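Read top to bottom, the protein sequences are chains A and B. Taking my numbering, I'd label the letters of the first sequence as residues 695 to 807. Taking my numbering, I'd label the letters of the second sequence as residues 23 to 133.
Honestly, I wouldn't trust all of these hints.
Below 27 angstroms or equal to it, Euclidean Cα-Cα: the simulated DSS-like pairs (lysine-lysine) are [claimed, not checked]: (1) B/K103 to A/K735; (2) A/K760 to A/K735; (3) B/K79 to B/K98; (4) A/K749 to A/K714; (5) A/K708 to B/K98; (6) A/K714 to A/K760.
In case anyone wonders, no lab produced these hints; they're calculated from the structure. The model shown is predicted, which means the values in this text are computed figures rather than measured ones.
Here's the letter readout for the chains.
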Amino acid sequence: GAVVSQHPSWVICKSGTSVKIECRSLDFQATTMFWYRQFPKQSLMLMATSNEGSKATYEQGVEKDKFLINHASLTLSTLTVTSAHPEDSSFYICSARRDSPLHFGNGTRLTVT
Amino acid sequence: GQNIDQPTEMTATEGAIVQINCTYQTSGFNGLFWYQQHAGEAPTFLSYNVLDGLEEKGRFSSFLSRSKGYSYLLLKELQMKDSASYLCAVRLNTGFQKLVFGTGTRLLVSP
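The shape of chain A in the complex, shown without the other chains (with noise of 0.2 angstroms):
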């Protein structure tokens, strides 16, 4: 069954707005969470690590301030996608560890227009 949980599994957006994007654990506690995103034919790109009770830690080249994490609680972690340009339209995917492997989110088709 799954492992992690994603919503939206798609979401379409005027430019200038904001999206929020809700990944969860099920059933474990993840105490670190990874946000990545995948443009059409590539692969996956991590954009940060999500740590509960402390700020997020961002890959180089990643805006801070426009895509912000805040991992809540042991089960669950947000990104926000402030502003939103059609340059940001993408497949956003989450990720939690359990045991040795990271397990996926079914991922979230962000759609600016």
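Since the structure of chain A is provided, determine the placement of chain B on it from the hints.
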């Protein structure tokens, strides 16, 4: 920086065997993972190597040579449903042990 390279695309025939290679140069190493990803879906875990050698899991096997910075995923008895992207990923031995993905290989299985 981290470099993880895979062939972009491969084709194979149903019932055949295919080997997908992955070479890596990373700032740390704490395991290598293989994931399968169908278009529009999230990656699913296939295999994991932390020590040198071969790990077998049904139709899928993965090999690792840490000294050579090299791994491969072997798929046997190919089925049409194996058409997907295959992602090689290295877990770094940093505090968060983040997973860095390779470029991915799109595999097309034909009848």
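Exercise for review: Return the numbers of the hints above that this structure violates; sort them in rising order.
Suggested key: 5
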